[in-house]
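**Q** What follows is the residue order along each chain.
2 protein chains.
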Amino acid sequence: MKPKVEAFIFDVFGTLVDWRYSIARSAEETFSNKGIDIDATAFADYWRGQYDPAMARIRTGNRGYVALDVLHYENLVATLAHFDLAGHFSEPELWQFSSAWERLDPWPEVVDGLTHLKQRAIIAPCSNGSIALMTRLAKYGGLPWDCILGADIAGNYKPQPEVYQACCSALRLSPDQVMMVACHNKDLIAARAAGLQTGFIPRPTEHGPDQSIDLGPEADWEAVVDRISDLSRWAE
Amino acid sequence: MKPKVEAFIFDVFGTLVDWRYSIARSAEETFSNKGIDIDATAFADYWRGQYDPAMARIRTGNRGYVALDVLHYENLVATLAHFDLAGHFSEPELWQFSSAWERLDPWPEVVDGLTHLKQRAIIAPCSNGSIALMTRLAKYGGLPWDCILGADIAGNYKPQPEVYQACCSALRLSPDQVMMVACHNKDLIAARAAGLQTGFIPRPTEHGPDQSIDLGPEADWEAVVDRISDLSRWAE
Numbered sequence: 475m476k477p478k479v480e481a482f483i484f485d486v487f488g489t490l491v492d493w494r495y496s497i498a499r500s501a502e503e504t505f506s507n508k509g510i511d512i513d514a515t516a517f518a519d520y521w522r523g524q525y526d527p528a529m530a531r532i533r534t535g536n537r538g539y540v541a542l543d544v545l546h547y548e549n550l551v552a553t554l555a556h557f558d559l560a561g562h563f564s565e566p567e568l569w570q571f572s573s574a575w576e577r578l579d580p581w582p583e584v585v586d587g588l589t590h591l592k593q594r595a596i597i598a599p600c601s602n603g604s605i606a607l608m609t610r611l612a613k614y615g616g617l618p619w620d621c622i623l624g625a626d627i628a629g630n631y632k633p634q635p636e637v638y639q640a641c642c643s644a645l646r647l648s649p650d651q652v653m654m655v656a657c658h659n660k661d662l663i664a665a666r667a668a669g670l671q672t673g674f675i676p677r678p679t680e681h682g683p684d685q686s687i688d689l690g691p692e693a694d695w696e697a698v699v700d701r702i703s704d705l706s707r708w709a710e
Numbered sequence: 475m476k477p478k479v480e481a482f483i484f485d486v487f488g489t490l491v492d493w494r495y496s497i498a499r500s501a502e503e504t505f506s507n508k509g510i511d512i513d514a515t516a517f518a519d520y521w522r523g524q525y526d527p528a529m530a531r532i533r534t535g536n537r538g539y540v541a542l543d544v545l546h547y548e549n550l551v552a553t554l555a556h557f558d559l560a561g562h563f564s565e566p567e568l569w570q571f572s573s574a575w576e577r578l579d580p581w582p583e584v585v586d587g588l589t590h591l592k593q594r595a596i597i598a599p600c601s602n603g604s605i606a607l608m609t610r611l612a613k614y615g616g617l618p619w620d621c622i623l624g625a626d627i628a629g630n631y632k633p634q635p636e637v638y639q640a641c642c643s644a645l646r647l648s649p650d651q652v653m654m655v656a657c658h659n660k661d662l663i664a665a666r667a668a669g670l671q672t673g674f675i676p677r678p679t680e681h682g683p684d685q686s687i688d689l690g691p692e693a694d695w696e697a698v699v700d701r702i703s704d705l706s707r708w709a710e
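Taken in sequence, the protein lines are chains B and H.
Here the first sequence is numbered in our numbering, starting from 475 and rising by one per residue.
Here the second sequence is numbered in our numbering, starting from 475 and rising by one per residue.
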């Protein structure tokens, strides 16, 4: 019998916010202002595609920890080069463009669900996004966090076990009092290995209409729910 | 001309919450349950009196960083010994007693003031309290933080400069875009030395009716206000 959950910590990109639509929208606006015609969704997908390789160098120790804001900026530069668009943007314009990651729309049920859950337990992001990024994203979307946890607290990136462990330690809770919630099975595999409880919420259109991964739970996660508010019974 | 303030970071004990009344109330209840008659306010003052010396050992490098929760617990043990009350409490009872620091009442204007300010800037605690402590205290008192900053982020205690600097870095802001708000002049001296803007709010009864320190500003702080909501014009 697992103890009741004292804190729910959440993956953010995909699980809570629709990064693909939101980044494509920002890119569309940015390129339109420059008179550049481009497939903004393909641009968003390529930009996001640089995300995991950029973190991998840090996870393996080949680079010291830098916040995701820096990686997003570097990956934007690489993405613009890939689309033969290097040179169209000044450095301040690149930072402004990169701040699109601070303006991602929550899925429709998210704000109500978190607000409900917050009455019953601590809620916090456990994202690879920095404190700076998560704070601004929360203000943009109205995510009512109790505190901001995640990569910055640990100085490393998920799915490294120390990220999950650092979130529990920061809250002075044992891992089995904390539930990691994500729409990505890999995130939950790592969280479970670190001793946390796990909750899966499917987001079958995170990657668009043809998504082929993470359509359902791939293990016996403690919770499998369609809506965040349904998680409250694990806090009882 | 200083830039507009993008984030207000706050001292908490004294500046936002009435620790003395609240700790005395918890102590009164706890001792009453044990049938022990004691001057609960004197107990609160003595317990709080151990706070600075306990942190000093860490600031000077004579002890590695431990969260304030641990220091509060150790200081409670020392305080009970001082009052000849050692041995009346089990370890779980001591931890429960020590968690009184998570249940401190905000001064009357605080929740409304922070809620107002949050519409205009990032708001966060920059306290020597841990993330765990600040998170629970915010839930108890309804403090609507955007994120939790402070000692845990820096691995050191105020007034060490790295605590203020770590808060700015975590938000990806330069120190002059951040205002440290406190009712303690010493806190503001250190924040200014670290490059932050400074705001003073008098709390002339923090230490009770006979308070003799911090009755007013002792330097030309950028802001001197009676109410948190008055800080919003520095964010314009």
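Some hints could be false.
A pair counts as met if it fits within one copy or between any two copies, since identical chains are not told apart.
[Claimed, not checked] Here are the computed lysine-lysine pairs in the PhoX-like style, where the Cα-Cα straight-line distance is at most 20 Å: (1) Lys592 - Lys613; (2) Lys478 - Lys508; (3) Lys508 - Lys592; (4) Lys592 - Lys478; (5) Lys478 - Lys613; (6) Lys508 - Lys660; (7) Lys613 - Lys508; (8) Lys660 - Lys592.
Keep in mind the hints are simulated off the structure, nothing from the lab.
**Q** Now tell me if each hint is right for this structure.
**A** A quick look at each hint next to the structure:
For a Cα distance limit of 20 Å, the shortest separation of Lys592 from Lys613 qualifies both inside one copy, at 16 Å, and across copies, at 9 Å. Neither within a single protomer nor between protomers do Lys478 and Lys508 lie at most 20 Å apart by alpha-carbon distance, with minima of 53 Å and 29 Å respectively. For a Cα distance limit of 20 Å, the shortest separation of Lys508 from Lys592 qualifies neither inside one copy, at 43 Å, nor across copies, at 34 Å. Taking the closest pair of Cα atoms, Lys592 and Lys478 come within 20 Å of each other only inside a single copy of the chain (15 Å); across copies the shortest separation is 32 Å, beyond that limit.
Only between protomers do Lys478 and Lys613 lie at most 20 Å apart by alpha-carbon distance; the minimum there is 18 Å, versus 29 Å within a single protomer. In the homo-oligomer, the alpha carbons of Lys508 and Lys660 never lie at most 20 Å apart, since the shortest distance is 39 Å inside one protomer and 50 Å across protomers. Taking the shortest Cα distances, Lys613 and Lys508 never come within 20 Å of each other, neither inside one copy (28 Å) nor across copies (46 Å). Taking identical chains as interchangeable, the C-alpha atoms of Lys660 and Lys592 are never at most 20 Å apart, the minima being 25 Å within one chain and 35 Å between chains.
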